[in-house]
Amino acid sequence: MSNQQQQNSNPPGGRYGAGFVPPKEAMEYNCADCGATNEIKSREPIRCRECGHRIMYKKRTKRSWPFLARFCLPTDIPT
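Per the working numbering, the very first residue in the sequence shown carries number 1; after that it's consecutive.
Among the hints, erroneous ones may be present.
Distance condition first, Cα-Cα at most 20 angstroms in a straight line; then the derived PhoX-like pairs of lysine-lysine [what the hints assert, rightly or not]:
1. K58 to K41
2. K41 to K59
3. K41 to K62
The calculated label-pair distances, taken between Cβ atoms and stated as ranges, are [as the list claims (entries may be wrong)]:
4. S64 to R43: 28 to 38 angstroms
5. P66 to D33: 20 to 30 angstroms
6. D33 to R70: 14 to 24 angstroms
7. P66 to C34: 34 to 44 angstroms
8. R70 to A32: 33 to 43 angstroms
9. T37 to W65: 16 to 26 angstroms
10. R70 to R47: 18 to 28 angstroms
Calculated directly from the structure, the hints in this document are not laboratory data. Positions of the beta carbon are idealized from the N, C-alpha and C atoms, including for glycine.
Full structure from sequences and hints, please.
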């Protein structure tokens, strides 16, 4: 394969090409009024499918976050 052909085989913009945005997954939200669970994708209107209420709460993530807890005694604080 020549050098020119290798350059053309890798399009600009990465794996999907220039201007292509991979589809996003729907996020789950809970309605503040009726408590129903709704899946809402990006660019979709924020509205409950059961009651039409517009205040939604995002569900808590199940991914764990590292947390470093330190205990500070009053003798450890510099004066």
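Original post:
Do the beta carbons of P66 and C34 sit within 34 to 44 angstroms of each other?
Top reply: Hint holds: Cβ distance 36 angstroms, inside 34 to 44 angstroms.
**OP:** With a cut-off of 20 angstroms on the C-alpha distance, tell me whether K58 and K41 pass.
**Re:** holds (12 angstroms)
**OP:** Starting from the hint 33 to 43 angstroms, judge whether the C-beta atoms of R70 and A32 obey it.
**Re:** holds (36 angstroms)
Subject >> Range agreement (Cβ of R70 with Cβ of D33, hint 14 to 24 angstroms) >> reply: With Cβ atoms ~41 angstroms apart, the hint is violated.
Original post:
Using the C-beta atoms of S64 and R43, is the stated range 28 to 38 angstroms upheld?
Top reply: holds (30 angstroms)
Subject >> Range hint compliance [Cβ, T37 to W65, 16 to 26 angstroms] >> reply: holds (23 angstroms)
**OP:** Could you grab the alpha-carbon distance between K41 and K62 and see if it respects the 20 angstroms cut-off?
**Re:** holds (19 angstroms)
**OP:** Could you tell me whether the CB distance from R70 to R47 stays inside 18 to 28 angstroms?
**Re:** Cβ of R70 to Cβ of R47: about 44 angstroms, so the range 18 to 28 angstroms is violated.
Subject >> Distance restraint evaluation - P66, D33, Cβ atoms, bounds 20 to 30 angstroms >> reply: Since the Cβ atoms of P66 and D33 sit about 36 angstroms apart, the hinted range of 20 to 30 angstroms is violated.
**OP:** Decide if the proposed pair is consistent with the structure: K41 and K59, CA atoms, cutoff 20 angstroms inclusive.
**Re:** Holds: K41 and K59 sit about 14 angstroms apart, inside 20 angstroms.
Hints 5, 6, 10, counting from the list given before, are not met by this structure.
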